[in-house]
Amino acid sequence: MRRIVVALVGTVAGLVGLFSYHTSLAGAGSVTTAPALGASTAPTATGGSSAGGSSAGGSSAGGPSTGGSSTGGSRTVTGAVAQTRWGPVQVRLKVSGGKITAADAVQYPNGNGRDQQINSYALPVLAREVLAAQNANIDLVSGATVTSDGYVTSLQSAIDKAHL
Amino acid sequence: MTAEAVPRRAWVEQVMGMPVSIHLRGQLGGSADAEGRVEAAYDELRAVDVLFSPYREDSQVCRIDRGELAVRDAHPLVAEVVELARTARALTGGSFDAWRPGGDGLTHFDPTGLVKGWAVQRAAEHLAAGLGCDVSVTAGGDIALRPGRDPALWQIGIEDPREPARVLAVVPVLFGGVATSGTAHRGRHLVDPATGGPSGDELLSVTVVGPSLIWADVLATAAFVRGAVGLDLVESVVGYEGLVVDRDGYRTTSGLTPQTRTTDMSA
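Quick mapping for you: the protein sequence lines, in order, are chains A and B. Using the working numbering, the first residue of the first sequence is number 1, and each one after it goes up by one. Using the working numbering, the first residue of the second sequence is number 1, and each one after it goes up by one.
Incorrect hints may appear among the rest.
[What the hints assert, rightly or not] Among chain A residues calculated to face chain B with C-beta under 10 angstroms, some are:
no.: 1; residue: Val141
no.: 2; residue: Ser142
no.: 3; residue: Ala144
no.: 4; residue: Asp160
Quick caveat, the hints were computed from the structure, so don't treat them as lab data. Glycine included, each C-beta is placed from N, C-alpha and C at the ideal position.
Same shape as in the complex, but just chain A (with noise of 0.2 angstroms):
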């Protein structure tokens, strides 16, 4: 069970680097605001439910935890907008209490119909794995020197951007 955890958490990583990716590559043509997705993702995330990819049905090794919701000292952070293979993507996290309770994403590529189709499964499961990283309890990273190239998409990157 601990292995998998881990494996989504390396998934994860990956993933969370989206968010603090910082570039300005963003082509306004190819991006558009969605912020009904990511109020449909977030609370989903508890669901033992693979939606997409392998990784994403080790969630079953500890469901990560939406409850709490505790309404004092609840914020949104916004991250910058990365260029990922599917094309631009920007990620909004909801850091309660110091945890990540929401992931979605505000901006994401939207140019033909096989994006749309990734997109459909891609974003709500990097939303379940940013959740699934905080329930991991990962509180640093330690790796070989990280340059400021490394570092943006680190995942001592997104949790520094979490706490900010």
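Got chain A; can you put chain B on it based on the hints?
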């Protein structure tokens, strides 16, 4: 483990050529003067960079290296680092050596491999003493942790050098230092003092945990340079534990039991 009751704040600034993160955990971290103390910690790190940077022509380290400045005339912190560098060389049997032969046939003094851990450890100590909350300072993957009045464990993820976005193991640490040496982000940047050339590539990374980031960092660097037998060096130092990663997986010293481990890394 409900972490909701514990507030946590983070800062990130680019210092010494890398992003340095400071996290404060606990109620005291939210005190009115926390902001100023964190800024002072960054100032302290910037001042260290001015003294020690090998990239600044006018840094004291560069001037010492060029023979323009004697250690006894340098800033007291420089003398402190020189002393630590001597200890590091003795501790590691020369696997860590700030005095290295250069291409010009002369011996050059470059304590860079020590300065980061020392400066980060120092910043964390100063912050924790002033604030009384749990403090972490992370620079380039090396972490200094200082406990506050009501300390709690930090869960430290150890990055997989084969896939840096992946966490290989998790080690709970209350206070002290965690340092990782390897080639994941910069390519081969470690030099074997014995040959002056790049170190062997038997290991992909070495992580060392112990009471002080200074020695965790020195031991990680030295163990990486030593390659396959590097873990023995860490094992021989009381209070320090290590985890080495090679292509087949990872091994640890006898006292280290990572909380979580992955074995299926072939994917």
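Hints and how they fare:
The interface hint given for A/Val141 holds, since its Cβ lies 4 angstroms from the closest Cβ of chain B, which is under the 10 angstroms cut-off. Residue-level restraint check for A/Ser142 holds (minimum Cβ-Cβ distance to chain B is 5 angstroms; threshold 10 angstroms). For the restraint placing A/Ala144 at the interface with chain B, the shortest Cβ-Cβ distance is roughly 3 angstroms, inside the 10 angstroms limit, so the hint holds. Below 10 angstroms, beta-carbon pairs count as interface contacts, and A/Asp160 has one with chain B at about 5 angstroms; its hint therefore holds.
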